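Q: Sequence:
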Amino acid sequence: MDWQPISTAPRDGTLFLAWAPAAEGLPAMFSLCAWHPDAGFCIDELREASHWMPLPDPPT
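Each residue of the sequence shown is one higher than the one before, counting from 1 in our numbering.
Honestly, the hints are just simulated from the structure, not real lab data.
Source: prediction; values computed, not measured.
All residues carry an ideal CB built from backbone N, CA and C; glycine is no exception.
There could be a bad hint or two in this list.
[Stated by the list, open to error] Pairwise CB distance ranges, derived in the manner of DEER restraints:
1. Glu24 - Thr60: 36 to 46 Å
2. Trp3 - Glu24: 14 to 24 Å
3. Asp2 - Pro59: 14 to 24 Å
4. Thr60 - Ala22: 33 to 43 Å
5. Gly25 - Met53: 38 to 48 Å
6. Thr60 - Ala39: 28 to 38 Å
All chains, full assembly: derive it from the sequences and hints.
A: Below is the structure:
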């Protein structure tokens, strides 16, 4: 699956990969993320996620 707009990410506590663009002199990054009612899709204090994708299947 390709990166999707964060507006389409699950809001049920499911973990997914999130992407945040560079901000405040910090590099762009991706991280594990899940919806939080108080913080939304926040990566850290300075960045909001802009895109998401499901986690890949684990190795077999």
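Q: So which hints don't hold here, by number, going up?
A: The structure breaks only hint 5.
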